[in-house]
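Visitor: Each chain is listed here by its residues.
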Amino acid sequence: MKVKHPKKARTTATDNLRKVIDAQADTGISPLVSQKTITTQSGEPSYTPRQEKITKLKEAVGLTQEYTNEIISELNIINEEVTITRDYADAIIRTVRGPLLVLNKDLRIISANEAFYNAFKVALNDTENRLLYDLGNRQWDIPKLRVLLEEILPEKNTIEDFVVEHDFKDIGQKTMLLNARTLQQGPDKTSLILLAIEDITERQQLEQQKDEFVSIASHELKTPITSVKAYTQILGQRFRKAGDNKSVELVEKMDSQLDKLTSLIGDLLDITKIEAGRILFHESHFNFNELVEETIEELQRTTEKHRITKELQPGVTVYGDCDRLGQVLTNFMTNAIKYSPHADKIIVRTVVDKSNVTLCVQDFGVGLSQGDQARVFERFYRVGGPDQATYPGLGLGLYIAAEIIKRHKGRVWVESKKTKGSTFCFSLPMTKQKK
Amino acid sequence: MKKILIADDNPAIVDALKIMLDEEGYEVETTVDGTTVQNMKKPLPDLLLLDIWMSGVNGRDVCKLLKSAAATNHLPIILISATKDIEQIARDSGADDFISKPFQMEHLLATVAKYVNKNPFHISRT
Chain Y
1 MKVKHPKKAR TTATDNLRKV IDAQADTGIS PLVSQKTITT QSGEPSYTPR
51 QEKITKLKEA VGLTQEYTNE IISELNIINE EVTITRDYAD AIIRTVRGPL
101 LVLNKDLRII SANEAFYNAF KVALNDTENR LLYDLGNRQW DIPKLRVLLE
151 EILPEKNTIE DFVVEHDFKD IGQKTMLLNA RTLQQGPDKT SLILLAIEDI
201 TERQQLEQQK DEFVSIASHE LKTPITSVKA YTQILGQRFR KAGDNKSVEL
251 VEKMDSQLDK LTSLIGDLLD ITKIEAGRIL FHESHFNFNE LVEETIEELQ
301 RTTEKHRITK ELQPGVTVYG DCDRLGQVLT NFMTNAIKYS PHADKIIVRT
351 VVDKSNVTLC VQDFGVGLSQ GDQARVFERF YRVGGPDQAT YPGLGLGLYI
401 AAEIIKRHKG RVWVESKKTK GSTFCFSLPM TKQKK
Chain X
1001 MKKILIADDN PAIVDALKIM LDEEGYEVET TVDGTTVQNM KKPLPDLLLL
1051 DIWMSGVNGR DVCKLLKSAA ATNHLPIILI SATKDIEQIA RDSGADDFIS
1101 KPFQMEHLLA TVAKYVNKNP FHISRT
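Residue numbers (this note's numbering), protein chains in the order written: chain Y, 1 to 435; chain X, 1001 to 1126.
Source of the hints: derived by calculation from the structure; they are not laboratory data. Everything numeric in this text was worked out from a predicted model, so none of it was measured. For each residue, glycine too, the CB sits at the ideal point set by N, CA and C. Mixed in with the good hints, there may be bad ones.
Unchecked claim - List time: in silico DSSO-like cross-link candidates among lysine-lysine, alpha-carbon distance up to 30 Å:
(1) X/Lys1084 / Y/Lys210
(2) X/Lys1084 / Y/Lys241
(3) X/Lys1064 / Y/Lys253
(4) Y/Lys406 / X/Lys1084
(5) Y/Lys253 / X/Lys1114
(6) Y/Lys260 / X/Lys1018
(7) Y/Lys273 / X/Lys1018
(8) X/Lys1084 / Y/Lys273
(9) X/Lys1003 / Y/Lys260
(10) Y/Lys273 / Y/Lys144
(11) Y/Lys338 / X/Lys1084
Stated by the list, open to error - Covered stretches of chain X, going by a simulated chain Y footprint (3 or more residues, C-beta under 8 Å):
(12) 1007-1020
(13) 1062-1070
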C-alpha cells in the first residue's frame, strides 16, 4: 500500500497563508485593525484609497479563507491516512492466522486478535486490559513465559522461536512457539510489546507420529528379512557341508543382497532420527585401524573387480561411536565401488596430525562435477545426468555419513574430477571432545 | 545337552533359529507367547533368547523381572530384536548380551556358545 506523505502538503498550505499575511503587511494595512477615514486636504473625504483597501482586504480575506479550506482539507487527508494506516495494521493483525497479542510495558493486554481468542478459548471481555498472567484464571502464569518477558525481552528487545510447553486447564497440554518484539511509541516512548504465539502442538504430534511410523515400519520390514536371511544361511551351510560350492556362491549372493536391503531400511530410520536429533551415540576409545581393516575386508568380499588397498598410519585410537564411524567407512567404500564400474583399484589412506586423524577413500571412477561436489552431502541429493540414472540409491548415505562426522566434531569433504575419479575424506579429533 | 529357550512371536524366525541351533546340537524349546517366559518354572534352560516386542509382552520387562528374581537371575539372557536401540535396552534391562535382527549366523552361534559354556570346537564349520 502506498501512503502519500502528508508533511509536504501541510507545509505548502502554511507557506501560502504566510505569503498572504506578508502581502497585507506590504499594503500597510492589518486585516484585524479597523480603518480610519482618510480625508483629503480640501476636507472632502476621499473614498478611493479606502475602497481600494477594502477591495484588497476582501481579496486577502478571500485568499485566507481559501487557504484555510486548503489546510482543513489537508488535515482531513492526514486524518484519513492515519485511519488507513491504523486499519492496515488492524487488518494485518486480524489476517494473521497465528495468535497475536499487543501488550503494554506492564504486560497488560491492549489488544488481541481473533486467532488468539479461538486458539486459547478466552473472551474479549476477559482479555483486554488484563494482565497477561491473569488470563483464564491465571492459567497463563507460566514460569518460562515470565522469564522470557521479564528478563530476556527487556534486555534483547526481541525473542525468536522460543518453545514453551504448558498444560492449560481448559485446552490441555500445548506446545507454543513464541516470538516477541518491543516497540517504542509516541513522544514519550511508551513501550509496546508484540507477542506472537504459535500453537505447534499438532505439528509436533505429527512429527512424532511420523517418527514412530518409520520406526515401526522399519522394524516390521526387518522381521521378514531376518527369517529369509536365516533360512538363506542355513541353506548355505547345508550346501557347504555337501560340497556344492556353486550353490554356496548363489546363496552368498542372496545373503549380501539381503544385507543391502537391511542397510537401506537402516538409512530410512537414521534419517528420521537425525532430523529429530534423536540419533544416539555410544562413544568409547577404540582401535581405529582395526575398524578400517575390518571394513575393507568386509567390502572386498562384495567386489571381484576392485582391489581395495590400504595405506594406514599405525596405532590410531579414536574416541567415538565405533559402529557409526564404521557406517561412514562402509558408505565411502561402497560409493567408491559403485561409482567406478570400469576401474579396478580403490585406495584407503589415513594421515594423522597432532590431534586429528584424516581418512580418505580414493576411486578412479566417474567423478563429480564442481556443482555436484558442492551438493553431494545434501539430503536426498543425487547426481543427475543420463548415465547417473543407472546408479541406484536413495540419496541418503553421504548425508548420514556427513551428519555422523559432524556429531563427532569432524568434517567431510570431497576432491574430484569428472571421469578421473573421486576422493572422499573425513577428518576427526582423536580424543574426547567437549559437548 | 545344553537347553536353549527361544521366545519370539514371529513363527518363521523361531523356526529358522530352531533349525540353526538344532544343527549345532543344542536342545531347543520354543514359544511364541511371551507370557509363558514370565512364569518360567524349573528346570530352567541354560540360555534364553528373548525377543523384545512380543505381541503384548515387552521383552525388556520380562528380562528385568527374570534378572530381579532370585530363582532366575543366574539364567543368561540374550535379547534379540530389530530395534536400533537394542544395545541401550539390553543395558537397561540387565540382559547379558544382544543380537540385532537380521543377524549373521556365525555371530548368533558364537554369542550363544559364549553363554552356555559350550566347547567352541564343537561348532561345526566347514
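Visitor: Each hint should be assessed against the structure and marked as holding or not.
Guide: Right, here's what the structure says about each hint:
Among the hinted pairs, lysine 1084 of chain X with lysine 210 of chain Y is consistent with the structure: their alpha-carbon atoms are about 17 Å apart, no more than 30 Å. Distance check on the hinted pair: lysine 1084 of chain X and lysine 241 of chain Y sit about 34 Å apart at the alpha-carbon level, beyond 30 Å; violated. With a C-alpha separation of about 39 Å, the suggested pair lysine 1064 of chain X and lysine 253 of chain Y falls outside the 30 Å cut-off, and the hint is violated. For the hint pairing lysine 406 of chain Y with lysine 1084 of chain X, the CA-to-CA distance comes to about 21 Å; that is within 30 Å, so the pair holds.
Using a Cα cut-off of 30 Å, the hinted pair lysine 253 of chain Y and lysine 1114 of chain X holds, with the two alpha carbons roughly 29 Å apart. A C-alpha spacing of about 25 Å is found between lysine 260 of chain Y and lysine 1018 of chain X, which places the hinted pair at or below 30 Å, so the restraint holds. A hinted pair counts as satisfied when its Cα atoms are at most 30 Å apart, and lysine 273 of chain Y with lysine 1018 of chain X does not qualify at roughly 34 Å. For the suggested pair lysine 1084 of chain X and lysine 273 of chain Y, the alpha carbons sit about 11 Å apart, so the restraint of at most 30 Å is met.
Of the pairs offered as hints, the one joining lysine 1003 of chain X and lysine 260 of chain Y is violated, with about 34 Å between alpha carbons and a cut-off of 30 Å exceeded. Taking the CA atoms of lysine 273 of chain Y and lysine 144 of chain Y, the gap is about 28 Å. The hint holds against a cut of 30 Å. Annotation: proposed proximity of lysine 338 of chain Y to lysine 1084 of chain X holds, straight-line Cα distance about 26 Å (limit 30 Å). Given as covered by chain Y, the segment 1007-1020 of chain X passes the check, having 8 residues with a CB less than 8 Å from a CB of that chain where 3 are the minimum.
Counting residues of the segment 1062-1070 of chain X whose beta carbon lies closer than 8 Å to any beta carbon of chain Y gives 0, which falls below the threshold of three, so the coverage claim is violated.
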